[in-house]
Amino acid sequence: QKEVEQDPGPLSVPEGAIVSLNCTYSNSAFQYFMWYRQYSRKGPELLMYTYSSGNKEDGRFTAQVDKSSKYISLFIRDSQPSDSATYLCATRGTSYGKLTFGQGTILTVHP
Amino acid sequence: GAVVSQHPSRVICKSGTSVKIECRSLDFQATTMFWYRQFPKKSLMLMATSNEGSKATYEQGVEKDKFLINHASLTLSTLTVTSAHPEDSSFYICSARDQGGVTDTQYFGPGTRLTVL
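Chains F and R, in that order, are what the protein sequence lines are. So in our numbering, spot 86 of the first sequence is number 97, and the numbers just go up one at a time. So in our numbering, spot 38 of the second sequence is number 78, and the numbers just go up one at a time.
Bound-form chain R, shown alone:
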């Protein structure tokens, strides 16, 4: 149980284009999902908290107009990187909060590697 998927796993795009990343909880409902960014050999950096049916909460320093988050259902959250630039190249990971099991914690997706040319 507690499986989270992400799509795509890898994307290469040209500078100036927008990229959408999907995060799905496959076997549980998640009212809360999280989006992280990870640089090589570094820990996870929380970008935003995504709440189903309401606006996302962004961490300080994260541009909400650049990183658009939509959490339209209890199993799907999307992150759209708008007008991507090479400095946006990174490993993006989502997680979903599972409240229904024994633990109340986050389960992570496999990550999406974004390369902006």
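Chain F extracted, bound-state conformation:
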């Protein structure tokens, strides 16, 4: 079993839809949770960074962490074609170490 599981999709939605992206993890030591967006042939870009359980909102993006169920989510409101990319969840423990990534979900928002 992988430490972080993420459905690779692909996920295709119409413009304006609410997108829900999810990951589950198995290591209870993970305390920090990140979402990265990666456009084709580019490096990942940090979208959201959260610590422990709770919600964090930034514009059209909301990151949600539920440590009791080891479940992390990213919601995108009013999705745009420019949101079409691969979204990677990532986690790490309290003492700094390497990030553990999910497989990435390929998202396409069509006009």
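The reader is advised that the hints may include incorrect statements.
Beyond 12 Å from chain F on every Cβ pair, some chain R residues (computed) [as the list claims (entries may be wrong)]: (1) Val-44; (2) Gln-46; (3) Cys-53; (4) Lys-54; (5) Gly-56; (6) Glu-103; (7) Lys-104; (8) Asp-105; (9) Phe-107; (10) Asn-110; (11) Thr-122; (12) His-125; (13) Pro-126; (14) Arg-153.
Straight-line alpha carbon distances no greater than 20 Å define the calculated DMTMM-like cross-link-like pairs of lysine to aspartate or glutamate that follow [stated by the list, open to error]: (15) F:Lys-53 to R:Asp-128; (16) F:Lys-109 to R:Glu-92; (17) R:Lys-82 to F:Glu-16; (18) F:Lys-13 to R:Glu-99.
If you're looking for bench data, these hints aren't it; they were derived computationally from the structure. Glycine included, each C-beta is placed from N, C-alpha and C at the ideal position.
The hints should help you fit chain R onto chain F, whose structure is shown.
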């Protein structure tokens, strides 16, 4: 802030030659940088952790003599692919750890696409 650059963005070389890729943190100092490899439609595969002033730590299965890493300053790490072969063709991405801001996480470079003929 938190900008990481990589050079070159794309390189094509002949089999048997060596290729050097540079990773720079432009607006922060990074004692730790990471090198990843990514295959098409796959997630990132960590190759090694680069620490300023000390030897890199390689992940299991990564040949340290083939992938030479040097982290000579707080803003620069280099990855040299020695005696490259077609199977080394891939997308190589570096990241740098930023401890100075609100977050303590990794910021990624734009990647280098290596094609070995």
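Each hint, compared with the structure:
Not every beta carbon of chain F lies more than 12 Å from that of R:Val-44, the smallest distance being close to 8 Å; the non-interface claim is violated. Against the 12 Å criterion, R:Gln-46 falls within the reach of chain F, whose nearest CB is about 7 Å from its own CB. With a least beta-carbon separation of about 19 Å from chain F, R:Cys-53 lies farther than 12 Å from that chain, consistent with its non-interface assignment. Every Cβ of chain F is farther than 12 Å from the Cβ of R:Lys-54; the closest lies at roughly 23 Å, confirming the non-interface assignment.
Non-interface status of R:Gly-56 relative to chain F is upheld: no Cβ of that chain comes within 12 Å, the nearest being about 26 Å off. Annotated as non-interface, R:Glu-103 keeps its C-beta farther than 12 Å from every C-beta of chain F; the closest such distance is 19 Å. With a cut of 12 Å on Cβ distances, R:Lys-104 stays outside the contact zone with chain F, its closest approach being about 16 Å. Listed as a non-interface residue, R:Asp-105 keeps its Cβ farther than 12 Å from every Cβ of chain F; the least gap is roughly 22 Å.
Annotated as non-interface, R:Phe-107 keeps its C-beta farther than 12 Å from every C-beta of chain F; the closest such distance is 16 Å. The claim that R:Asn-110 lies off the interface holds: its Cβ sits roughly 19 Å from the closest Cβ of chain F, which is beyond the 12 Å cut-off. Distance check on R:Thr-122: its Cβ is at least 23 Å (rounded) from any Cβ of chain F, clearing the 12 Å threshold; non-interface status holds. Consistency note on R:His-125: stated as away from chain F, and its beta-carbon is indeed over 12 Å from all of that chain's, at 22 Å minimum.
At roughly 19 Å, the least C-beta separation between R:Pro-126 and chain F is larger than 12 Å, which holds for a residue marked as non-interface. For R:Arg-153, the shortest C-beta to C-beta distance to chain F comes to about 7 Å, within the 12 Å cut-off, and the non-interface label is violated. Pair hint F:Lys-53 plus R:Asp-128 holds up; C-alpha atoms about 19 Å apart against a cutoff of 20 Å. For the proposed pair F:Lys-109 and R:Glu-92, the alpha carbon gap of about 16 Å is at most 20 Å, so the pair holds.
As the CA atoms of R:Lys-82 and F:Glu-16 are separated by approximately 13 Å, the hinted pair is consistent with the 20 Å bound. At most 20 Å may separate the alpha-carbon atoms for a hinted pair to count; F:Lys-13 and R:Glu-99 meet this at roughly 17 Å.
Hint compliance for this structure: hints 1, 2 and 14 are broken, all remaining hints hold.
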